[in-house]
Each structure stands twice: as C-alpha cells, then as structure tokens.
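*Asks:* As a plain string of letters, each chain reads:
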Amino acid sequence: MPPSAASEPAGSRTAPGPAAPDLLVEALQVRDGGGRVLLAIDRLTLRAGQSLAVQGPSGAGKSTLLHVLSGLIRPATGRVVWGGTDIAALSEPARAAFRRNRLGLIFQDYNLFEELPALGNAALAAAFAPARDRAALRDRAAGWLDRLGLGAAGGRTVASFSGGERQRIAVARALAADPPVILADEPTASLDRAAADALGADLARLARDGGRTLVAVTHDPALAGLLQRRLAIADGRVVEDSDA
Amino acid sequence: MREIWAGLSPDLQDALIALALLAPGLAAGALVLRGLAPFGLVRAMLRRFAWVNLLFVLLIAVSVGLGVGLVAQERGLRQGSARAAEGFDLIVAAPGSEVTVMLAAVYLQPSDMALLTGAQYDEIATAEGVAFAAPIAFGDSVDGAPVVGTTPDFVTHLAGDLAEGSIFATEAEAVAGAFAPVGPGDSFTPAHGHGAAAEGEAHAGFSYTVTGRMAPTGSPWDRAVLVPAESVWSVHGLANGHAPGDDRIGPPYDPVYMPGTPAVLVRATELWGNYALKSRFTRSDMMAFFPGTVLAQLHGLMGEVRAAMSALATLTQVLVTLSVLIGLVILVRLIARSLAVLRALGAPVRFVFAVVWSYSAALILTGAAAGLVLGLGAARALAALITVRTDVLVTARLGWSELHLVAGFVSLTLILALLPAWAAIRRPVLADLRN
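Protein chains in written order, with my numbering: chain A, 118 to 361; chain B, 21 to 455.
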C-alpha cells in the first residue's frame, strides 16, 4: 500500500477557503461531577486551515479539550465558537448536527464497525444522512479510500485489515462528509512507527491541501512536528502555545 | 358496521383481526423508521454478536412455539375426535353411560356393557325411518387390533367403497381396516379378549380370510378388522342371529336367535329422522344419543382445560415478553459502544433509536417466525404420536388462532422494544466510548 499518497478526491475542497471556521475558546471551564476543574482555558483561537497538535501528559486534559471542541462535553462555563457558532450554547441535537456537518472525528482505536466492509465504514454517515445526500457521501467515501490506498479493498470487512489500514478507513470516514474541521484523538498511538509516520503525513497533507482545520491530540512528536502549531496542556491548563 | 363485518367470510375476518393485532407494532415501526435506512448497520451488529442473538432468537422461538403448539394440538385433537365420530349418526344401547358406550362403539375402547336383546334390536331395525341398524359385536382381537362384528351395510356406510377387494360375504370372511395388521388374502384365528389378557387359542380351529380393505376413515376403526356379527356370535358359542340352516350374512336377524348387542348403530332415512328416532328410543329400557352431542359436551368440559392451557400459553408469552424486554436492555449494553460511536459522529438520536429498535425487531420477528415453524413441527410430532396411540387421526396445522397469538406477541414486543431503544439514547456517550 503506498503510504502518504493521499490527495483530495473529486468533489472535495481543494484549497483553503472561508468554509473552514475560525475557533474561539473563551473563559472555558470543564468540571467533573464533583465540581473539580478538569480544564480551564481563558482564551484560545485557531485560524481556519491551521493545524494544531495538543500535547501533554496523560490526564492533563487533552482529550477533554477535544471533546469540548466536538461538543461531546458541554463546558460548565465559557464559549466554544466555531465560525460564529457557539456550540456550548447549542442543544444536544444541534451539537450532533454540527458534528455531522462540520467535524470529522478520528479516534485512537478506530471505532470501526467490524462486520461492515471498509466502504461501509467509510460511508457510515450515509446511513443517517438524508436520502438525497447518500449517494454523494458514498462516492466521496470511496474516493477517499482510493486516495488512501484502500480503493481495491472497499468490499473487505475491516476485521481483515492491519491497524494502519483501519486508521486510514477511519480517516476516510472522517472526511466523507467533507468537513472543514478534523479532530483526531491520538490517531497514531495504535500504529507501528512506519504506519504512524505515513498516516501523520497524510493527515498533515489533507489538512494543508484541503484547507481544513486540524486539531490532533497526540503523544507522538513526529506527528506534532508535521503540524503548524503546538499547544501543551498540563493539569487542565495551557502551559505552552507555539503561536504565543 | 356489524352487518358489514358479519357479511365477510370467516377467513377475511380472521385476516383482518390478525392485521389489527399487528397494526400497533407495524405502526410503531413505520414511525420509528420513517426516512431512515439503518438495516446495513443492524445486519453488521447482528453478525457481531451472532451467538448471543441466536440464543435470543431461540428463546423467543421456543416460547412462541410452545404457545402455537399448544393451540394447534388442542384444536387438532378436538377436530380429530369429532371427525372420528362423523360416521356415527345415532347410537342406541342399554341404559347406562353414554360416554362409555361412545368410547366403546366409536373409539373401540373395550368395556363391559349391558346388551340390548334381540327383540329390542328388532324393534329398532324395523322402526319407520330407519335406513339401517347395525349391531356390533366385540370380544376378539388379532395382533392387538380389535375384531368387530357388524353388518356389510355399516362397513359401506363407514368407509364408502373399499380401497381393495370385496366385502365379507360369509362368516369366515373379514374386511381389514385401512391400517389393520392383516390385509387381503391373509387368514387369521382371532384371539379371545384384548391386549395382554387375550387368549390366542380360545378360538383355535376357526379362521377368517381377509377379502378386502377399507379406505381410511381417520377413526380407530382404521386399525380394526371387521367381520360379520354372525361369526362373532358363532365363535363364542352363541346363536348367530338367524334360524338354523339360514346362512345369510346381515339383517334381518331373527329375534329368537339373536344373542344381543351392546349397541346398535342407526342411520335414519332422512337427517331429521334421527331426532325422531332418538326421541323414540330414549326410554327406561334403552337409551339413544348422538355421539356428536356427547363429544360436544366432553369438549365443553375440556373447554375449561383448554382455557387453562390458553392461560398458561398467554402467561408463558407474558413472561417471555418480559424476558425479551430485559434481554434487549442487556443487549443494548453490548452494542453501547457502537451506538456511542454513531452519536459521536453526529448521528441523530432518532437514527440511533431506529438502530436499536430495528435490532430488537429483527430478533423478535426471526424468533416469532422460527417459533411458528417450531410449534407446528412439535404439534405435528405430537399429533402423530397421539394418532399411533389412539388410532384417532389427529392432524395439526396452522390456524388463525395461532397466527393471532403470534401477531399479538409480535405487535406487543415490537412496541415494548421502544423501551430499550429509549434507554439506549439516554446512555452517556463519552462513558460508552471509553468502555
């Protein structure tokens, strides 16, 4: 399989554009059930099309930040504004719609449906998309699988793929709806070095070439080195920002 | 409205009832699935936990099968016993238990019975409106099958034209029932008595030759061997119903030389005439009854047993429905992570709800369909066993009652499946993603 071969399939964004929203996080506090502060960020901004590596020790609050940015966690206080939409103020269905239409999520352990074929996973969003959008979603998912070197294997169930291949399927799934933002949680952590490097290169290229905003939580310095900006978090607070 | 309903055929009425029972479940499904296509995903989830799902389907299938089997079997038994009595219009016997006489005359169950005298028989046989009056004579057997003495007319009445051969014409000839242990061309010496107590040598020196075989009647008479009543009387050392030197077979019998009979099987020339004959021969020295009426009374008594069985079947269904509900809630935990992934990716809550409901519906519908097949199979096996044991042809087939039972069960469980679907969308997404 040719690594780092991904480029934009037909029908996808081809250059940085206004569709990728700026991010503004302001006066953010996330607390656990006991009231303990898990994450506190006074202000964080991200330009559209910028790629950001979030780093820090385990338990620092990196994944919590990603969950807040994706709307899976509603903060106790503060605003999380993507391109003018404060998702912290949205209802649960509206946040789900935001994720569906504007975000591509990539998980550390892929979270694929084992009994579905690669294409079925990549085009998962077609299952819950309006009928008029399903064919286009499937076409785009097939295009991404092709660009990621898995075009010929779209009919195989994911159980037969290696870890690196599975994560590529997950990347294709994240991109199938052509979102302006990609949020990745330790995308290379389950991969061997070669596969991690190849996937990291693909992610960086996809973000750059497609004008997508990419936020990747990672312990992997190689992946972090490929992204434009690095944010270090410790004890729930930003301790270093390469843009600052 | 009532008139329109009454004007519909019974099948159409039953079909409409089945649809009405299914309607709530189907309506729930239509509402849940409107505009969504979760089936590919549901198929994948079903494959993922194939063994657990199979177990679940089996649980539903066994419970549905139990209900279907009970209902089908009970109806088959009722219809079989009624069919066996169809050929017996009116029975006249000495006063006593109608049930005992019916069991002996219709179902050929050996029992001690008082006899009607030759004079009484003659009065019945010569009464106005009697087409034929067949005496029966019991007491012997061959290879466990009863040897029953009667008249050629009754053989023809009971089974129609013979399947093969000819009817008995002499005291040494016999006609085999459709499934009797002897057939045309065979000769046998009857044993005196029945079962283990039968005396094989009691009638040594006398033998019958089988000249024909009856077509199946679906009654215990299919296993019997029918012989002239005269020979049964003769072989037991009695007068044979005719004056010495008269070697005719069949009526009329001479009252002086007729030793008596436990029951007379009567057919009137007109259907309504049976009622007049019943009335005429219901008196202090004899009784007349319709076996169908006695059977209906027995079925009426058994109706309470049937109600108890139905209640048991319903209770089983309720318990299984609850088990299914609890099981589905547990199954939802198995697929919780997959559901959390869907929600994290932005799937609408309604879609996740539809996935869980469809998953449950697939198990319920598969289990119910398997249960129908299982129930029918079990009922047929049991029917075959009862037929072998009693010689009453019991046939079990799917009827509307079973379909209504299954339709009600499916509809109820499809509606109850909304609960685990509701529980699924209440689960915490992040916690399920991490598990």
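Hints were generated in silico from the structure; no laboratory data involved. Keep in mind that a hint or two might mislead.
Stated by the list, open to error - Going by beta-carbon spacing under 7 Å, a handful of chain A positions derived as facing chain B:
1. Arg217
2. Asp226
3. Phe230
4. Pro234
5. Phe245
We treat Cβ as the ideally placed atom computed from N, Cα and C, and that holds for glycine.
*Asks:* Next step is simple, just say for each hint if it's right about the structure.
*Replies:* We went through each hint and held it up to the structure:
no. : hint   : verdict
1   : Arg217 : 3 Å, holds
2   : Asp226 : 10 Å, violated
3   : Phe230 : 5 Å, holds
4   : Pro234 : 9 Å, violated
5   : Phe245 : 4 Å, holds
Going down the numbered hints, you'll see the structure goes against 2 and 4, while the others check out.
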